[in-house]
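Peer 1: Here is what each chain is made of, one letter per residue.
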Amino acid sequence: MNAVEMKNVYKSYENGNIKALNGIDLTIGEGEFVSIIGPSGSGKSTLLNMLGALDIPDSGSINVAGQDLNTSKKLNEFRAQKIGFIFQLHNLIPNISVVENIEIPMFTQKLSSKEMRAKALKLLDDVSLRDKADIMPNKLSGGERQRVAIARALANDPSIILADEPTGSLDSKTSSKILKQLIDLHEDKNVTLIIVTHDMDVAKLADRVIEVLDGEIISAGDDSLINSKIDV
Amino acid sequence: MSFLKFIIKNPFRRKTSAVLSIVGIAIGIIVIVALGGITDGLVNTFEETIHAGGADFQISGKETGDSAYGTNTINASWTDKIANVSGVDEAYPIYVVLTSVGDDYRNTLIGIDPNGTTLADISMKNGRIFEDNSSEVILGEIYADDNNYSVGDNIEIDGEDFEVVGIYETGDQNMASGVFTSITKVGDLMDDEDSISNIYVKVKKGQDPQTVADRIDAEYGDNITTVTSIMEMTQMADMLNMLQASTWAISLLAIIVGGLGIINTMLMSVFERTREMGVLKAVGWSNGKILTMIVGESLVITIVSAIIGSLIGFLACTFLGPQMGIEPLFTPKIFVQAFAIAIFVGIIGGIYPAIKAMKLPPTEALRYE
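Heads up: the sequence lines are chains P and S, in that order.
If you read the first sequence in my numbering, its first letter stands for residue 1, the second for the next number, and so on.
If you read the second sequence in my numbering, its first letter stands for residue 1, the second for the next number, and so on.
Hints are supplied without guarantee of correctness; some may be wrong.
Unchecked claim - A partial selection of chain S residues facing chain P, derived with a Cβ cut-off under 10 angstroms:
{"#": "1", "residue": "Phe3"}
{"#": "2", "residue": "Phe6"}
{"#": "3", "residue": "Val279"}
{"#": "4", "residue": "Ser286"}
{"#": "5", "residue": "Asn287"}
{"#": "6", "residue": "Thr363"}
{"#": "7", "residue": "Leu366"}
Unchecked claim - Within a straight-line C-alpha distance of at most 27 angstroms, the following computed DSSO-like cross-link-like pairs (lysine-lysine) qualify:
{"#": "8", "chain 1": "P", "residue 1": "Lys122", "chain 2": "S", "residue 2": "Lys9"}
{"#": "9", "chain 1": "P", "residue 1": "Lys73", "chain 2": "S", "residue 2": "Lys289"}
{"#": "10", "chain 1": "S", "residue 1": "Lys359", "chain 2": "P", "residue 2": "Lys74"}
{"#": "11", "chain 1": "P", "residue 1": "Lys110", "chain 2": "S", "residue 2": "Lys289"}
{"#": "12", "chain 1": "S", "residue 1": "Lys9", "chain 2": "P", "residue 2": "Lys119"}
{"#": "13", "chain 1": "P", "residue 1": "Lys139", "chain 2": "P", "residue 2": "Lys119"}
{"#": "14", "chain 1": "P", "residue 1": "Lys110", "chain 2": "S", "residue 2": "Lys5"}
{"#": "15", "chain 1": "P", "residue 1": "Lys189", "chain 2": "P", "residue 2": "Lys177"}
{"#": "16", "chain 1": "S", "residue 1": "Lys9", "chain 2": "P", "residue 2": "Lys132"}
{"#": "17", "chain 1": "P", "residue 1": "Lys189", "chain 2": "P", "residue 2": "Lys132"}
Calculated directly from the structure, the hints in this document are not laboratory data.
A virtual CB, placed ideally from N, CA and C, is assigned to each residue, including glycine.
Start from the sequences and build out the full structure, keeping to the hints where you can.
Peer 2: See below:
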């Protein structure tokens, strides 16, 4: 079964003057690790937003995790149950502790405070930050904050993780650690992992590299195209 | 962490702004509670005055016969009739005569039942009330001072010796120059036990004196007439109504000022947390949950304001009021009103910013810097 099926998806902004997606056809299998690369303004983040139901297409169909996003009226429930987001900037809430940040997505589930805390602590274990559970995010390093963001993305056991430049603001050593953590989680939990990145080294870690340029997919997995068509 | 705990924590993320909002709304609540306490205190004092001391109104004859001593009279049987009218709590007759008192050839002698003196709006300065059908009198303080009488002295009235058993005081100058004794004794002296001058009437608590007076007029208006102090009461009531109206006007002002303040605070909060709103939407929060959070945060600020404002208003009024001659009265209604206003302001102040947050497109919110 496919995790993602996009057919002929178009999206433009500013009354059609900016064409962000220009007839995208894309299929991603369940449990696959895919990277999406492309230069700034190529449409890769818009593509990711479409997959996460944060934005809707002007035309075309999108089916993610078995749900038709064109017709679904409860996209927030879809995001809560199926999708885990990781952003370039961790976007942690500053006035609550690390463990409480991980509990935030769980407010959409019917869990008691005790169950939420137990689950959040388990996730902190998975990202090796259990000892930082009760401190505030501003006491963490950049890499640690991004690991908390990873734990938060996994809070509701999503089937798909969408990561938008997850290592974009980190140094190379920390980036490697974060990517290893993501890949381990992808393998352990068999979640579909879709990473948007500028970094070819990061992209190459994926099972498949999808190249986007001017709102079009110019390669959906053929490595030979990478260096020849896109200057990232 | 519960959702409630999250809502309670959030407003204090921007401490200065939260404190300023709380101070602003708390000032409004202080004014509401203090004015409410003062107004209720004044109303209570007024009601106690008109119901506890003095009659609500008097009844006199319409076409009365003249007594031998120059005062108008009605038949004593009217007292029982008036006492049986619905709404009447107490009715006591008085018999006012002009007769020789001490060295005065003619002075006012008032006969009243010893139990009815409370309705005459007099209070004892020295001594005690006379006993029924006894040769005892009490003197108004002006009369006693002018004529050098004190408790224990004897005074001759209409040729008979009476003992001064008390000196009373009253706000009424004429009454302060008078002499009270038992109405039975006055009847004896005048040899006319069937006549009285007036009837003091006190209505039951909760009854409107004017309504009861109208009722008496409707039933017995052909023979008697009610002489009320309703005019004064109406004026006083009008003044208290104005005070109550100004309390509401200030409450309204507090609602408007507080509401604008809280809208501003919450709008700033949403504005500064735009990216966070994007994250909350990305992790699956519904618009309803975001609305609940923002309105909840607004309510946290206004409820904290209500608690602080009520406490300060109560304490300030309780300690400062008596020093200014005001005895405030705090009923649960005042605090319910203060909290209701705070909650109303909280909801109104939170809704608009919450709608703004709900309408934020998640992709734009996440891009916000």
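Peer 1: Taking the hints in turn, state whether each one holds.
Peer 2: Hint-by-hint comparison with the structure:
1. Phe3: Holds - the Cβ of phenylalanine 3 of chain S comes within 10 angstroms of chain P, reaching about 5 angstroms at its closest.
2. Phe6: Constraint on phenylalanine 6 of chain S satisfied, holds at 7 angstroms.
3. Val279: holds, 5 angstroms
4. Ser286: Since chain P brings a Cβ to about 5 angstroms from serine 286 of chain S, closer than 10 angstroms, the hint holds.
5. Asn287: holds, 8 angstroms
6. Thr363: holds, 5 angstroms
7. Leu366: holds, 7 angstroms
8. P:Lys122 x S:Lys9: Status holds; Cα separation ~24 angstroms.
9. P:Lys73 x S:Lys289: Roughly 16 angstroms separates the two Cα atoms, so the pair holds.
10. S:Lys359 x P:Lys74: holds, 16 angstroms
11. P:Lys110 x S:Lys289: holds, 14 angstroms
12. S:Lys9 x P:Lys119: holds, 22 angstroms
13. P:Lys139 x P:Lys119: holds, 22 angstroms
14. P:Lys110 x S:Lys5: Holds - the C-alpha atoms of lysine 5 of chain S and lysine 110 of chain P are around 16 angstroms apart, at most 27 angstroms.
15. P:Lys189 x P:Lys177: holds, 18 angstroms
16. S:Lys9 x P:Lys132: holds, 20 angstroms
17. P:Lys189 x P:Lys132: Since the Cα atoms of lysine 189 of chain P and lysine 132 of chain P sit roughly 23 angstroms apart, the hinted pair holds (cutoff 27 angstroms).
Checked against the numbered hints above, the structure violates none of them.
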